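**Q** First to last, the protein sequences are chains Y and V. Going by my numbering, the first residue of the first sequence is number 1, and it counts up by one from there. Going by my numbering, the first residue of the second sequence is number 1, and it counts up by one from there.
None of these hints come from the bench; they were simulated from the model. Nothing here was measured: the structure is a model prediction, and the numbers come from that model. One or more of the hints may lead you astray.
[What the hints assert, rightly or not] Calculated pairs, SDA-like style, for lysine to any residue (alpha carbon to alpha carbon, straight line, at most 20 Å):
#	chain 1	residue 1	chain 2	residue 2
1	Y	Lys-110	V	Glu-240
2	V	Lys-231	Y	Tyr-104
3	Y	Lys-24	V	Leu-112
4	Y	Lys-65	Y	Phe-49
5	Y	Lys-110	V	Ser-116
6	Y	Lys-93	V	Glu-232
Below are the chains, spelled out letter by letter.
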Amino acid sequence: MSLLKVLVVEDSPTMRQLIAFALKPLKDCEIVEATDGLDGLKKLNEQQFSIALIDINMPLMDGLKLIRLMKENSRNRQIPVVIISTEGGEVVKEKARALGVNAYITKPIKAANVLQTVRSLIAAPPSATATPARAT
Amino acid sequence: MGPASRGEEQKDLFAKGKEFLEMYNKVAAFTQELMDQNAQLRQQMAALQTEREGMVNGVGDPSNQRLWKRLEELKQERQQILDRYHQKEEENKDFYERFLEIEMENNNLANLYVASYQLHSTLEFQEVLDVITEIIINLIGAQTFALWLLDEKKNLLHPVKAEGLALETLVPVTPGEGIIGSVAEAGEVWYREKLSPETTMDVDQPMVCVPLKIKERVIGVIAVYRLLQQKERLVKVDYELFTLLAAHAATAVFGARLYSDSVRKRKTIKGFLDLLTH
Chain Y
1 MSLLKVLVVE
11 DSPTMRQLIA
21 FALKPLKDCE
31 IVEATDGLDG
41 LKKLNEQQFS
51 IALIDINMPL
61 MDGLKLIRLM
71 KENSRNRQIP
81 VVIISTEGGE
91 VVKEKARALG
101 VNAYITKPIK
111 AANVLQTVRS
121 LIAAPPSATA
131 TPARAT
Chain V
1 MGPASRGEEQ
11 KDLFAKGKEF
21 LEMYNKVAAF
31 TQELMDQNAQ
41 LRQQMAALQT
51 EREGMVNGVG
61 DPSNQRLWKR
71 LEELKQERQQ
81 ILDRYHQKEE
91 ENKDFYERFL
101 EIEMENNNLA
111 NLYVASYQLH
121 STLEFQEVLD
131 VITEIIINLI
141 GAQTFALWLL
151 DEKKNLLHPV
161 KAEGLALETL
171 VPVTPGEGII
181 GSVAEAGEVW
191 YREKLSPETT
201 MDVDQPMVCV
211 PLKIKERVIG
221 VIAVYRLLQQ
231 KERLVKVDYE
241 LFTLLAAHAA
251 TAVFGARLYS
261 DSVRKRKTIK
271 GFLDLLTH
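If we strip away everything but chain Y, and leave its shape as in the complex, we get (with noise of 0.2 Å):
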């Protein structure tokens, strides 16, 4: 039985309990929690994952410039992407768009939204030959 293992990379530990709760209900899943960019790319690297979902918002390294790192590295460029982000800005959101990312979710969260998204992206990954961001 294959584990799901998804990569939470979030500064706000309220926020990381949230999250774990809301994709309880996934079988066979361990979630990796990282506290900011810099972290979450340190566990990329170390580990395999089947998802990330990433904040934008973060000390140290913020979570677009973490995307784009994601992107441009051949075992990472492939893993779905959710940002979970107070910006609601159309601009913000065009960024993320730009990268690759593969949904947005605003802030407050709704656990079943959270759960649906992670559900949908795991049975249907993306495609093989997506194209990764330029560095800026």
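Got chain Y sorted already, so can you dock chain V onto it with the hints?
**A** For chain V alone, kept in the frame of chain Y given last:
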């Protein structure tokens, strides 16, 4: 007229007569054919009439009666199945609505559980303030807010935490003065009826004002000024979170303050004892 021309005339008449006779025979044959077809059609009509009468009269036939009866039974069964189907459809609809309600309730409970858990997960004063901030930003969805704590000696509310605005722009508030002071004095949550997006933010005019209360003792106030862009209005769980914050955040802050006081006093006493023993 001569004998030759009379002969010619007779020949013509004979030919015409022969032609006429041929035509007459053809017409007679055609007429006979039509009459035969007519008779045939009459016979067929009579046969169909007989068959129809037979079918009408044949309802009384036992095998036909059984078929009619079976047909009626099947019609009734079909109607019953349809009725049950519609009933199940309605039940499914009710179940689905109930499922959505439970899902929403589950979501609300998760928010409340996490908020409560995090508030009581630490005794460090600054960490408690950070948790309160996280709850208001991430769970309620507020963009701009501030937290005042009551200095009981001076009877003044001091701003200790702000998000979305500079802490320096906030001034101490006397209990009883303005909305924030009134909420601190009365100990009741205050909500603005409606906040227009064009309304200029005024630190004395919050959208929501929540007293941090332990029993009837107010120790502070949270004032929320603006919600996040994507959050149109407060919903049921937000009011529940405000109620939770009013009690649990107060206890957490009070406990953290006591803990930091006791740690400080312990250090002082230890230092004093070290001085005495050395």
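**Q** Each of the hints needs a verdict: does it hold here or not?
**A** Results of checking the hints against the structure:
no. : hint                     : verdict
1   : Y:Lys-110 with V:Glu-240 : holds, 15 Å
2   : V:Lys-231 with Y:Tyr-104 : holds, 15 Å
3   : Y:Lys-24 with V:Leu-112  : holds, 17 Å
4   : Y:Lys-65 with Y:Phe-49   : holds, 18 Å
5   : Y:Lys-110 with V:Ser-116 : holds, 18 Å
6   : Y:Lys-93 with V:Glu-232  : holds, 18 Å
Checked against the numbered hints given earlier, this structure breaks none of them.
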